[in-house]
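So the sequence shown is numbered by full-length UniProt numbering: it starts at 1 and just counts up by one.
In case anyone wonders, no lab produced these hints; they're calculated from the structure. Predicted model only: the values in this text are computed from it and were never measured.
Label-pair restraints from in silico Cβ distances:
1) Gly225 - Gln64: 42 to 50 Å
2) Ile349 - Glu101: 18 to 26 Å
3) Ser276 - Asp137: 40 to 48 Å
4) Ile188 - Leu98: 41 to 49 Å
5) Gln184 - Arg58: 41 to 49 Å
6) Phe67 - Gly318: 18 to 26 Å
7) Glu101 - Tyr56: 26 to 34 Å
8) Glu317 - Asp68: 21 to 29 Å
9) Gln206 - Asn100: 35 to 43 Å
DSS-like mimics (lysine-lysine), calculated; alpha carbons at most 27 Å apart, straight line:
10) Lys300 - Lys89
11) Lys298 - Lys348
12) Lys315 - Lys298
13) Lys300 - Lys348
14) Lys81 - Lys146
15) Lys300 - Lys321
Idealized CB from N, CA, C, for every residue including glycine.
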Amino acid sequence: KKKKKKKKKKKKREQKWDGFLNLILSFHDIRSYVLFGCCLFSIKNYTVSNIQQGKYFRPLRVLQGHFDVVNSAKFSSDATKIVSASKDKTVRIWNTQLGNEIRSLRGHTSCVNDAQFSPDGTMIASCSNDKSIRLWDVRSFREVRKLQGHSSAVTSVHFSSDGKKLVSNSNDQTIRIWDVMSGQVIHILEESVEEIRDVQFLSDCQHVMTLSDDNTIAIWDVNSGDIIHELQGHSSYAIRAQLPLSAPSAATISNDSATRIYDLISKTQIRKLVHSGGVNDVQFFPDCQTIVSCSMDKDKAIRLWDVKFGVELQKMEGHSKGITRVDVSANGNMIASSSYDGTIRLWKIL
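All chains, please: the whole structure from these sequences, using the hints.
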């Protein structure tokens, strides 16, 4: 009886996943990959420019002002600003052209784990070990809303592509979907046992992807609260997810030092990209043909990769300690990296 129930549950999940893929295929004409360790999804054929025509970045400037580890640094949609989150309990806004700090936002009472601009650039969402999410007005620099409900540290926060919803991840093993305008919880998605490492909205705003301690990548339906698909493949726990808005793709990374590329439909490994240390973050470029990754203490490097050919295009160094996160500007011309050394570095395309 138990085996029959498991088979029925698996079949139901596969049907939901097939429906989800059909939905994505109806909107996009791209090919599907899964990148584990990084883990990359896309769907149908696309062309990658020659490796000889690849991007090359040079150091632009160093942003200094935080007094402790910088946990994240992310661009505004127009790439004129960066918002950073730090262990020093502050959120800081920076001017990318001049390199100066515009404002330090204070309110969190513990380490700030993540911060992000809304798609229209008018708000910032930040989350902290103090169990709260705070919304800030970019023009007035004031805290406009405090979202409470998690019973433990909130580790990541992410806007939906329409800017109307937020998804948050916490050490309390729940994922919460919030309405930005009211600050109210819309849905609570619960994992039964394993701690969730990261969560991101898919571009349709109706699904989220989670990464958990048992090396499972799950796609959830926000409205029903059901998991419609699960994938496994990391040899060590997954810690990050990244989903570009321009394609039905997803990248996840783990601390096993490798970036594995799988075809989603055949579920076979295509590539293996290796850092000399554990990988901390990965981001897509807008064209979805290039990814940038960063590594921890041993390597302290940022690497640029060609997705199709699976080759390293460039290695960037400069941080004195491990790198926590990387981000790519919307036009693909700049990279931002944050580090345990307390700095943010900007890199510009040649």
